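Asker: Sequence:
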Amino acid sequence: MSPADHDQGKWAWVFAPRTPNEKRYWLVKSEPDVFSFDDLRAAPKQTTQWDGVRNYAARNFLRDGMKKGDRVFYYHSSSNPQAIVGIGEVAREAYPDPTATDRKHAGFDAKSDPNNPIWFAVDIKAVAPLKRPVTLTEIKANKTLADMALVRIGRLSVTPVTPKEWETIVAMSER
DNA sequence: GCCAACGTTGGC
DNA sequence: GCCAACGTTGGC
69 MSPADHDQGK WAWVFAPRTP NEKRYWLVKS EPDVFSFDDL RAAPKQTTQW DGVRNYAARN
129 FLRDGMKKGD RVFYYHSSSN PQAIVGIGEV AREAYPDPTA TDRKHAGFDA KSDPNNPIWF
189 AVDIKAVAPL KRPVTLTEIK ANKTLADMAL VRIGRLSVTP VTPKEWETIV AMSER
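Residue numbering for the first sequence follows the working numbering, beginning at 69 and increasing consecutively.
Hints were generated in silico from the structure; no laboratory data involved.
Honestly, I wouldn't trust all of these hints.
In silico DSS-like cross-links for lysine-lysine, where the CA-CA straight-line distance does not exceed 25 Å [unchecked claim]:
1) Lys135 x Lys232
2) Lys211 x Lys232
3) Lys211 x Lys199
4) Lys113 x Lys199
5) Lys91 x Lys78
Computed beta-carbon distance windows for the label pairs [as the list claims (entries may be wrong)]:
6) Glu161 x Arg200: 14 to 20 Å
7) Asp101 x Thr212: 26 to 32 Å
8) Lys135 x Ala174: 24 to 30 Å
All of these numbers come straight from a predicted model, not from anything done at the bench.
Using N, Cα and C, we set each Cβ at its ideal position, and we do this for glycine too.
Full structure from sequences and hints, please.
Answerer: Structural data, given as structure tokens:
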């Protein structure tokens, strides 16, 4: 798929050309029992390889949308409560997901040819925890956030966030 | 190309 | 633990 394939459709803005120095925003999900925001902060260089994405829509956001320096909300799923708990940044843009071509790895996908990979990873680095977590309940209760991809397409592990949504949630975390 | 069966995610 | 909302697979 080439970037031109993203020109149409609902998410075209996510892939559209950027103005100089434009930063975009994303949300990534992790189960805290598996890898929490604190785990990320404790990792070497506070950075981890964000691999294991096996959904094409999420893959496209990750591979074609995310650029180095973009900010990401770090969301804890399947936890109590489900909430955005921290901010990270894209430390390295998309590269072939090594877990997809590793026969011994649970994420192995026989369809992914190492010479023509299907699945991609980025590196995510911790920036700072939110002053307080912003819960999914609060997000759903806020009309400004009704169109947020997190709410609309809940099961995706990588979703875009608009600047307005970003601002709104950061403000919520500060009061 | 249609669609039923199945698998996965993740909120509840 | 249940189930809604998908995406994927494979028979036809």
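Asker: Compare the structure with each hint and give your call.
Answerer: Results of checking the hints against the structure:
1. Taking the CA atoms of Lys135 and Lys232, the gap is about 19 Å. The hint holds against a cut of 25 Å.
2. The suggested pairing of Lys211 with Lys232 holds, with an alpha-carbon distance near 12 Å, which does not exceed 25 Å.
3. Taking the CA atoms of Lys211 and Lys199, the gap is near 22 Å; set against the 25 Å cutoff, the hint holds.
4. Under the criterion of a C-alpha separation no larger than 25 Å, the hint pairing Lys113 with Lys199 is consistent with the structure, at around 22 Å.
5. Annotation: proposed proximity of Lys91 to Lys78 holds, straight-line Cα distance about 20 Å (limit 25 Å).
6. As the Cβ distance of Glu161 to Arg200 is approximately 31 Å, the hint placing it in 14 to 20 Å is violated.
7. The hinted range of 26 to 32 Å is satisfied by Asp101 and Thr212, whose Cβ atoms lie roughly 31 Å apart.
8. Against the hinted window of 24 to 30 Å, the Cβ-Cβ separation of Lys135 and Ala174 comes to about 29 Å, which satisfies the hint.
The earlier numbered hint that this structure contradicts is number 6, and it is the only one.
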